[in-house]
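Undergrad: In case you want the letters, here they are:
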Amino acid sequence: MFLVKYIKEVFGAIKSLLVGMRRTLYYFTHHKEIITQQYPDNRETLKLPDRFKGEVVMPHDANNEHRCTGCTACELACPNGTIKVVTKFDITPEGKKKKAIDKLVYHLELCTMCNLCVIACPSDAIVMDQTFEHSVFNRAELTKVLNKPGSKIMDGVE
Amino acid sequence: MWSFSKIANLIHEWLNQTFNPTLATIIEMVIVGIAVIGLFAVLGLVLVIMERKVSAWIQIRLGPNRVGPKGMLQSLADTLKLLVKEAMTPSGSDKFLFNLAPYIAMMVAMLLMAPIAFASNFQMWDLNIGVLYVSAVSSISVISILIAGWASNNKYSLMGAMRSGAQIVSYELSAGLSILAVVVLTGSLNINDIIQSQANGWWIFKGHIPAIIAFIVFITAVTAETNRAPFDLAEAESELTAGFHTEYSGMKFALFFLAEYVNVFIVCAIGATLFLGGWMPFHVGNWQGFNHVMDYIPGSVWFFGKTFFLIFVIMWFRWTFPRLRIDQLLNLEWKYLLPISMFNILLVTAMAILGWHF
Amino acid sequence: MELEELKTNITELLPAAAFEEGGEWLTVHVEPSAWAVFASQLRHTDSLFFDYLFCLTCVDWKTHLTMVYHLSSVKYRHNMVVKIKIDRNKPEIETVSNIWRTAEFHEREVYEMFGVQFINHPDLRLLILPDGWEGKKPLLKDFDDPVNMIKL
Amino acid sequence: MVEELGTTTEGDLIINVGPQHPATHGVLHLVITLNGETIKKVEPHLGYIHRSIEKMCESLTYRQFIYVTSRMDYLSAHINNHACALCVEKGMQIEVPERAQVIRVLMDELTRIASHELWWGAMAMDLGAFTPFFHAFRERETINDIMEETCGARLTMNYMVPGGVMADLHPDFQKRVKAFISLYRSKIKEYDEMLTGNIIFQNRMKGVGYLSPEDAISYGCSGPAARGSGVSCDIRKLYPYEVYNKVQFEEVLETAGDSFARYMVRIREMNQSVSIIEQLIDNIPEGDYQAKTKAVLKLPKGEFYTRVETARGELGVYIVSEGATTPYRIKFRSPGFSNLSALDHMARGSKLGDLVAMMGTLDLVIPDIDR
Numbered sequence: 001m002f003l004v005k006y007i008k009e010v011f012g013a014i015k016s017l018l019v020g021m022r023r024t025l026y027y028f029t030h031h032k033e034i035i036t037q038q039y040p041d042n043r044e045t046l047k048l049p050d051r052f053k054g055e056v057v058m059p060h061d062a063n064n065e066h067r068c069t070g071c072t073a074c075e076l077a078c079p080n081g082t083i084k085v086v087t088k089f090d091i092t093p094e095g096k097k098k099k100a101i102d103k104l105v106y107h108l109e110l111c112t113m114c115n116l117c118v119i120a121c122p123s124d125a126i127v128m129d130q131t132f133e134h135s136v137f138n139r140a141e142l143t144k145v146l147n148k149p150g151s152k153i154m155d156g157v158e
Numbered sequence: 001m002w003s004f005s006k007i008a009n010l011i012h013e014w015l016n017q018t019f020n021p022t023l024a025t026i027i028e029m030v031i032v033g034i035a036v037i038g039l040f041a042v043l044g045l046v047l048v049i050m051e052r053k054v055s056a057w058i059q060i061r062l063g064p065n066r067v068g069p070k071g072m073l074q075s076l077a078d079t080l081k082l083l084v085k086e087a088m089t090p091s092g093s094d095k096f097l098f099n100l101a102p103y104i105a106m107m108v109a110m111l112l113m114a115p116i117a118f119a120s121n122f123q124m125w126d127l128n129i130g131v132l133y134v135s136a137v138s139s140i141s142v143i144s145i146l147i148a149g150w151a152s153n154n155k156y157s158l159m160g161a162m163r164s165g166a167q168i169v170s171y172e173l174s175a176g177l178s179i180l181a182v183v184v185l186t187g188s189l190n191i192n193d194i195i196q197s198q199a200n201g202w203w204i205f206k207g208h209i210p211a212i213i214a215f216i217v218f219i220t221a222v223t224a225e226t227n228r229a230p231f232d233l234a235e236a237e238s239e240l241t242a243g244f245h246t247e248y249s250g251m252k253f254a255l256f257f258l259a260e261y262v263n264v265f266i267v268c269a270i271g272a273t274l275f276l277g278g279w280m281p282f283h284v285g286n287w288q289g290f291n292h293v294m295d296y297i298p299g300s301v302w303f304f305g306k307t308f309f310l311i312f313v314i315m316w317f318r319w320t321f322p323r324l325r326i327d328q329l330l331n332l333e334w335k336y337l338l339p340i341s342m343f344n345i346l347l348v349t350a351m352a353i354l355g356w357h358f
Numbered sequence: 001m002e003l004e005e006l007k008t009n010i011t012e013l014l015p016a017a018a019f020e021e022g023g024e025w026l027t028v029h030v031e032p033s034a035w036a037v038f039a040s041q042l043r044h045t046d047s048l049f050f051d052y053l054f055c056l057t058c059v060d061w062k063t064h065l066t067m068v069y070h071l072s073s074v075k076y077r078h079n080m081v082v083k084i085k086i087d088r089n090k091p092e093i094e095t096v097s098n099i100w101r102t103a104e105f106h107e108r109e110v111y112e113m114f115g116v117q118f119i120n121h122p123d124l125r126l127l128i129l130p131d132g133w134e135g136k137k138p139l140l141k142d143f144d145d146p147v148n149m150i151k152l
Numbered sequence: 001m002v003e004e005l006g007t008t009t010e011g012d013l014i015i016n017v018g019p020q021h022p023a024t025h026g027v028l029h030l031v032i033t034l035n036g037e038t039i040k041k042v043e044p045h046l047g048y049i050h051r052s053i054e055k056m057c058e059s060l061t062y063r064q065f066i067y068v069t070s071r072m073d074y075l076s077a078h079i080n081n082h083a084c085a086l087c088v089e090k091g092m093q094i095e096v097p098e099r100a101q102v103i104r105v106l107m108d109e110l111t112r113i114a115s116h117e118l119w120w121g122a123m124a125m126d127l128g129a130f131t132p133f134f135h136a137f138r139e140r141e142t143i144n145d146i147m148e149e150t151c152g153a154r155l156t157m158n159y160m161v162p163g164g165v166m167a168d169l170h171p172d173f174q175k176r177v178k179a180f181i182s183l184y185r186s187k188i189k190e191y192d193e194m195l196t197g198n199i200i201f202q203n204r205m206k207g208v209g210y211l212s213p214e215d216a217i218s219y220g221c222s223g224p225a226a227r228g229s230g231v232s233c234d235i236r237k238l239y240p241y242e243v244y245n246k247v248q249f250e251e252v253l254e255t256a257g258d259s260f261a262r263y264m265v266r267i268r269e270m271n272q273s274v275s276i277i278e279q280l281i282d283n284i285p286e287g288d289y290q291a292k293t294k295a296v297l298k299l300p301k302g303e304f305y306t307r308v309e310t311a312r313g314e315l316g317v318y319i320v321s322e323g324a325t326t327p328y329r330i331k332f333r334s335p336g337f338s339n340l341s342a343l344d345h346m347a348r349g350s351k352l353g354d355l356v357a358m359m360g361t362l363d364l365v366i367p368d369i370d371r
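Here the protein sequences line up with chains A, B, C and D, keeping their order. Take the first sequence: its letters are residues 1 to 158, numbered as in the working numbering. Take the second sequence: its letters are residues 1 to 358, numbered as in the working numbering. Take the third sequence: its letters are residues 1 to 152, numbered as in the working numbering. Take the fourth sequence: its letters are residues 1 to 371, numbered as in the working numbering.
Isolated chain A (complex conformation) (with noise of 0.2 Å):
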């Protein structure tokens, strides 16, 4: 009948209705499900996992030296022209010529944090470190020279 059908519809509807409003009521109730992280006050707990990729590092060991012979695979894997490698020529003790890097300029403004840099290169010389506030003043500072200042290549690495 129609009058049967329109009560059922009408009681239908608040029905479904009043399902929603249980539902955001629990919620309204139950503070322990909330989510929010407080980003800058949770600075010391919040830990990013090892392989988040933040920005390229060249790990440099206590005396000042780093892994990287400047054989610029890094450089012609990177799709955006993100890795400038500058070489120059070391006098061994030997007297021989050799390769070494003068610097390697990285200018974070252009990188993608693809990885295909790191797992490019032969002697593990740069990672990705878990660094992610990279907001800076100036657009220059975003041009980083990723060898240390006076650093070498460590012994052994070819």
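It should be emphasised that the hints constitute simulated quantities derived from the structure, not laboratory data. A couple of the hints might just be wrong.
Here are the computed lysine-lysine pairs in the DSS-like style, where the Cα-Cα straight-line distance is at most 27 Å [claimed, not checked]:
hint, chain 1, residue 1, chain 2, residue 2
1, D, 178, A, 32
2, A, 88, A, 144
3, D, 178, C, 85
4, D, 55, C, 136
5, D, 90, D, 351
Following the hints, position chains B, C and D against chain A.
TA: Structure of chains B, C and D alone, referenced to chain A:
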């Protein structure tokens, strides 16, 4: 017992002793005006922070928590921001009407404050057709929205305004009819009489199922009338960007914003007065002891408690439901709410004549 | 339908069709003049019923352009590729947007990226490029934009 | 409707939805001709985020170009990368180790769930319900954390390399995926409570944006947009790649063809994805995660086409190779582009509010359309 009415009487008497009656009346008017504007500002701040907290908790967020203790001063900071923001007038707009619209919205909200009884004998204007006055004045608010939409010279605004016009005009009916249900039961349009008639129980309990139906219809209709989600078609963020106030910024926008919240407060106050007894404490029939205990809680606490509960319900609606479409909105009114409330009026009338209510 | 069977069916429809070997799917070379009729036949012949044009593109071979249509049949689940060589200096071909509606957008894309004029296209305007784009078509091999293209 | 749909006459209201509009989720620009609230014509204007990825790829090597494709459909970035890797592997005839195949499928399905979760929240927000957005993000965040742990990034992973994946799974991967599945199972019921069963939502969705099966095929629709019309077009079932032929799953089909059907397809598809993950998560074979490949990849002369099923539909990668280290021409057949072309057809004659529902259920990702 501490009450607002005593303070009000005290001031009244003191003014009449000190000044001549005309001057005293004028001073009283000024005091009332300042009080209303103050109440407005406070209500705006409280309701905005309440809405933000309610929405945050429903949405498993924390909500504002930086400004002031527990973020309670957040809306003050927002107001400050809106005050110093440039209030732009678009070049193609009708400048006079564009600037007029927010003030009309405010004025309507202020006018509606007049007959509301905040506590026993604490009322700005105890007029004998209080309920009629409320439903008459509240329909003026559509004019401000229409003016805002038209004067903005923006297609989104115009569409928002037109939607709002259709919406408010039609929902006025069922809101009026559900108010009428209580008027039929009490036999008075005076707000004080209506509250007094609930001394032995609120109408939502005394009036059996018809009163509950009237209450549900009322809550739905006023949600639509105040343009709140799920009936916020005049704003409809995802369709019309911001509807009728797309072009408004700074303090002019803030006035619309404030008017919306004050309107919500007023309709909830009316709802609380009609169905939940206003400032009348919770009384049950002839349990004298129980009623006496309840009387110890001041009337203003009862009034604000009930009103804020209804405001919470309306906010709860907003953060749960998706928005209706314009034709569905009108369908809901003309095919469901209006027939139901008309039938309901019939039931209530029969009930009132036969005396079936408690 | 098997590849060979498909091949015979298509040869029946268009005896001039040339087949290309080695691809994953059956590849047919068609003359531009025959395309409009052939496309309609591919779509409407009951045994073929290629109703799903899943890719439409163009390749610039410097000497000529090649329109590539990837067709599939939802009913029989067989696929084929149609290739049409067109003149690079005056690229023109009949539209198929009346047969496969999706071609309307894809042809507009090809029109602005390669400059191919689609005859009888209902609405051949720029879709992706900004209004009033003049000059070379971006996906042609000799396109050069010294301002926006960064050479590594 | 007295006036002809699809035409503009004197007195019609023409409004620009976009490029900056809350409902377009990006920089889509629709010029809409309205008669009152009724839509007469929808005309998309694209290109606000066109980067000509196809041209860019012509100067990148086969190892490098994969990362760019993450930026097309950023919500199913992993599946885009997968399609490119598959196409290169097809050309080079590289045999991918079984372990890598399983890892790829697992990641694909996780991406699909994450994409659908975001769609669910965003679509609800379009319809005016703000709460589901945050609830959907809670589950999506869990997937993003899993991705971050294994792939090193949350959205544009670049985890695929020709011949396998870039790194092995993280030791915690299985544990975390299982934790996600139990979270998902407990929360998916709430989705129905909050939205699916809601009477307002059903009225907004049912009968809105009808697309007949014939039109869906003719407009080249794929993915949930076509499956909502009952067109079977799941590439995972029809042309199985990787280990999709070894897992049990159901191709989700709805026949109504309206927005609600497309909505239900996506909701049910999430459940299917979870069941695929459940089948595979305990059966990841041992072995290499990457095949041995040459340092410099050169595809033989020829043309290669692969099709995969992304969260939005069929993604085709068409590589024309001249035997060099870079592709000669590359074409991405993006699902969104074809799905968008059906919008005009669907929207004519409906209300302005319905357009939002239609755009929501087509799940448009603008960079995917513009490329």
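Undergrad: Does each hint hold? Answer for all of them.
TA: Going down the list of hints, with the structure as the test:
In summary, the hint linking residue 178(D) to residue 32(A) is supported, as the alpha carbons are separated by about 22 Å, within the 27 Å threshold. A C-alpha spacing of about 18 Å is found between residue 88(A) and residue 144(A), which places the hinted pair at or below 27 Å, so the restraint holds. Pair hint residue 178(D) plus residue 85(C) does not hold up; C-alpha atoms about 54 Å apart against a cutoff of 27 Å. In summary, the hint linking residue 55(D) to residue 136(C) is supported, as the alpha carbons are separated by about 14 Å, within the 27 Å threshold.
With a C-alpha separation of about 47 Å, the suggested pair residue 90(D) and residue 351(D) falls outside the 27 Å cut-off, and the hint is violated.
Going down the numbered hints, you'll see the structure goes against 3, 5, while the others check out.
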